[in-house]
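Q: Assemble the complex: chain F is given as a structure, and chain X must be docked to it using the hints.
Protein chains: 2
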Amino acid sequence: MNALSDSRCVVLGGGGFIGTNLCRSLVGKVHTLRAFGRRQSFPDALKDVDWIPGDFTDASAVAGALTGCDTVFHLVTATTPASSNVDKVGDVRSNVIATLQLLDACKELGVKRVIFVSSGGTIYGIPETVPTPEDAPLNPITAYGISKLSIEKYLALYEHLYGIEYRVLRVANPYGPYQTALRNQGVIAAFVHRALGRKPIEIWGDGTVTRDYVYIDDVVEALELAAEHSGKERVFNIGSGEGRSLNEIIANLEQQLGQALEVNRREGRAVDVPRSVLDVSRAAEDLGWRPRTCFSEGLAHTLRWYKGLGHHQS
Amino acid sequence: MNALSDSRCVVLGGGGFIGTNLCRSLVGKVHTLRAFGRRQSFPDALKDVDWIPGDFTDASAVAGALTGCDTVFHLVTATTPASSNVDKVGDVRSNVIATLQLLDACKELGVKRVIFVSSGGTIYGIPETVPTPEDAPLNPITAYGISKLSIEKYLALYEHLYGIEYRVLRVANPYGPYQTALRNQGVIAAFVHRALGRKPIEIWGDGTVTRDYVYIDDVVEALELAAEHSGKERVFNIGSGEGRSLNEIIANLEQQLGQALEVNRREGRAVDVPRSVLDVSRAAEDLGWRPRTCFSEGLAHTLRWYKGLGHHQS
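Chains F and X supply the protein sequences, listed in that same order.
Residue numbering for the first sequence follows our numbering, beginning at 1432 and increasing consecutively.
Residue numbering for the second sequence follows our numbering, beginning at 1432 and increasing consecutively.
The shape of chain F in the complex, shown without the other chains:
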């Protein structure tokens, strides 16, 4: 595989949370960098990046964005776990079929490697083992998780049939700068946004729902390592390896802000598994990756970034 410095990269979904952070890190590190997506959440953050606007379901637009690239970062997720269960057919069309069109274009255009961000939080379903390793049973309770699973299998098929290399990162719950609070994307963004705006925090259930929160810089590092990785494994959990409840996040946030926060509690949701924490030992062993940012530090960075942004604008 190419060294990253020789790579001609395209980031699909480059305008979103992970994409914005990845592009900012790749600028100057790679031979060529291009980003493709429907919109940029933070256009100023990407002003040094070659931006191609387009919809992921538009096969010819995607093929255009790929031309001349050898490395594809596929970060597109057209649905959310909750929305996917409402329209399962739409979920298949916008995620699975659009990815098959992408892979056919990769085959035509001679792309060497695809790095795909899968879902560490939904692909296992209600886990039997916590922390959950990559070879645990995959029993998603959302159509979102099933689509991610299907895409992982198609990536393996395209490597088998056509030699297109792939790596899958099953990312836990990423958080940090450039995550928007608007589309219910991440609880930390939502909590910080509301706390700084002096609005009550809203949570589903009793606050014991536990997730594995991983700081975005660590996720970006894993993506870059995956682009250069030459080991035998294809699928890696990327998380902190530690569980944290909503109540713990709120307590940590109160401590850092030095104030009590008002919390409104709403009924639990069927799409939420009670506890999701990833076993990240495979990434340590085979990818040479470890989560470096402890939660308090990541939360402090995130708070600082939101304060700099002027949270009241969004």
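If you're looking for bench data, these hints aren't it; they were derived computationally from the structure.
Just so you know, nobody snuck in bad clues.
Pairs involving identical chains hold if they fit within one copy or between any two copies, as the list cannot separate such chains.
No farther apart than 30 Å at their CA atoms in a straight line, the calculated lysine-lysine pairs in the BS3-like style are these: (1) Lys1584 with Lys1538; (2) Lys1663 with Lys1584; (3) Lys1738 with Lys1460; (4) Lys1630 with Lys1738; (5) Lys1460 with Lys1538; (6) Lys1460 with Lys1543; (7) Lys1460 with Lys1478; (8) Lys1663 with Lys1538; (9) Lys1460 with Lys1663; (10) Lys1543 with Lys1663; (11) Lys1478 with Lys1738; (12) Lys1478 with Lys1543.
These figures come from a predicted structure and were not determined experimentally.
A: Same frame as chain F, but now just chain X:
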């Protein structure tokens, strides 16, 4: 769950090989029986069955066929392993999306249980363990196998979200009466057809490709048991549990016919895994099912049936 005798059943794909045999067995055993499909391979065989012609991708036609039924046998496969790899998007549309439409109709219409025929021969890919148990890794090397895998996961999702019960039978290579030799459906049908027609048998590769051939009456029995099953397992391998090479089939056929057969050998195909044999102990323990027909006996039944049919007509 209902006893079979109280069930109102619809067989989707009722005109095909497994469907024709299943319908013939269910007639008189169940409260109501309906069959749905594009065409009947053997219309005379289904003259006592309420037949509804229609395409599985036509959601309203499928919903019409389901109305009033509590038990759905889903035997539709719109593609083959080889064709699925040529048009992967078409495979998703005709199998996965059409099945999601079916499941949405099941939810609307109050269907209690769906019994789905999955693929024991393709869902595991190149197996690490032979005979292969149900909890082995699922790494299909065909889009066909990935679609079957996705459908299994959606069945679990619909049970989780809406309480629609399901059972999956991962059927190995079924053979017997009413299998047509025309669409490259089964090697035994093709071999018998050509042997009786005094034409050379064609095989891919050196004849060592090994499969698990299961007689159709045993498959039908498994489907009926799955309709009444109340144990905790959902997914069952259905096969003979024994491997048999193409060369062994030809030798057995030569013995039963008392004559040597001419064989043309063609190049091996990428979609063929070298060896596929299922571990069927779970079906024995939890479903109370065992393969009863030994291979020589099943082959003799099949030969007798083809001779009665007048093989020269098809």
